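Start from the sequences, fold in the hints, and give me the full structure.
Here the protein sequences line up with chains A and B, keeping their order.
For the first sequence, the positions run 9 to 119 when this note's numbering is used.
For the second sequence, the positions run 9 to 119 when this note's numbering is used.
Incorrect hints may have been included.
Identical chains share a label here; the pair holds if one copy fits it or two copies do between them.
The list that follows gives simulated cross-link-like pairs (lysine to any residue, SDA-like), each with its CA atoms no further than 25 Å apart [as the list claims (entries may be wrong)]: (1) Lys59 to Pro43; (2) Lys59 to Asp18; (3) Lys59 to Leu116; (4) Lys59 to Ala72; (5) Lys59 to Gly34; (6) Lys59 to Gln90; (7) Lys59 to Val91; (8) Lys59 to Asp110; (9) Lys59 to Ser41; (10) Lys59 to Ala76; (11) Lys59 to Ile106; (12) Lys59 to Gly87; (13) Lys59 to Pro79.
Since the hints were derived computationally from the structure, they do not count as laboratory data.
All figures in this text were calculated on a predicted structure; none of them were measured in a lab.
Number of protein chains: 2
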Amino acid sequence: MVVVVRTDLDMGRGKIAAQVAHAAVGAVLSSLSDPALAAWLRDGQPKVVLKVPSAERLSQVAAAAEAAGLPVQVIHDAGRTQVEAGTATCCAIGPAPITAIDRVAGSLSLL
Amino acid sequence: MVVVVRTDLDMGRGKIAAQVAHAAVGAVLSSLSDPALAAWLRDGQPKVVLKVPSAERLSQVAAAAEAAGLPVQVIHDAGRTQVEAGTATCCAIGPAPITAIDRVAGSLSLL
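As structure tokens, then:
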């Protein structure tokens, strides 16, 4: 699984962590019957946190992942702190084989 | 749910986010049959990320939460990056009612 985070929102590290956790939990709950989830858990649930500089880039990556048939969870913040309600902050891609994820997110840098 | 993170390990923000997500996913998977999970999901799965300055304080908070009967997930890092293998990096407490969590973690500061 990768989680792609927008860096243009100037979120603090605690806020980022909560958003990434939200995405990861959403991805897992959406994949409970998916064999890819079991495989990912057996591997120690590897997660890589990547960054994009804008909402547009986040949308592009999410759309590319969906087009590739990968599970995608875009997180829209409730807006109680730091960012406006409804703002897309990050998205999880997976759980899925890393080779498939790399095809759509392999060029992104680590957060 | 709260996730309590050690600040003395000098983890980067991406590393912290991955550890917090690991704790949150672990907490959810351990609570699939717990009515507290359903209540927490209905509330929009609120997560608060808190900090402690040392391994000792992390252990104390985790022990206090366990003694209070709360679900606790301590995360030990696989050690591939940034910290030594087996290092306790953070712990999730919950999902559980916030009043119960506050009794053991209410004095901690936001990360």
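Results of checking the hints against the structure:
Taking identical chains as interchangeable, the C-alpha atoms of Lys59 and Pro43 are never at most 25 Å apart, the minima being 27 Å within one chain and 35 Å between chains. Taking the shortest Cα distances, Lys59 and Asp18 sit within 25 Å of each other both inside one copy (12 Å) and across copies (20 Å). Taking CA atoms no more than 25 Å apart as the test, Lys59 paired with Leu116 passes inside one copy only; the shortest distance there is 6 Å, against 29 Å between copies. Taking the shortest alpha-carbon separations for Lys59 and Ala72, only the intra-copy value of 16 Å comes in at or below 25 Å, while the best inter-copy value is 36 Å.
In the homo-oligomer, the alpha carbons of Lys59 and Gly34 lie at most 25 Å apart both inside one protomer (19 Å) and across protomers (24 Å), since each shortest distance falls under that limit. In this homomeric assembly, Lys59 and Gln90 come within 25 Å of each other (Cα to Cα) both inside a single copy, at 18 Å, and across copies, at 19 Å. With identical chains, the CA atoms of Lys59 and Val91 are at most 25 Å apart both within one copy (17 Å) and between copies (22 Å). Taking the closest pair of Cα atoms, Lys59 and Asp110 come within 25 Å of each other only inside a single copy of the chain (14 Å); across copies the shortest separation is 33 Å, beyond that limit.
For the homomeric pair Lys59 and Ser41, neither the shortest alpha-carbon distance inside one copy (29 Å) nor that between copies (34 Å) is at most 25 Å. For a Cα distance limit of 25 Å, the shortest separation of Lys59 from Ala76 inside one copy, 20 Å, qualifies, whereas the shortest one across copies, 38 Å, does not. Taking the closest pair of Cα atoms, Lys59 and Ile106 come within 25 Å of each other only inside a single copy of the chain (17 Å); across copies the shortest separation is 32 Å, beyond that limit. Taking the closest pair of Cα atoms, Lys59 and Gly87 come within 25 Å of each other both inside a single copy (20 Å) and across two copies (22 Å).
Taking CA atoms no more than 25 Å apart as the test, Lys59 paired with Pro79 passes inside one copy only; the shortest distance there is 18 Å, against 32 Å between copies.
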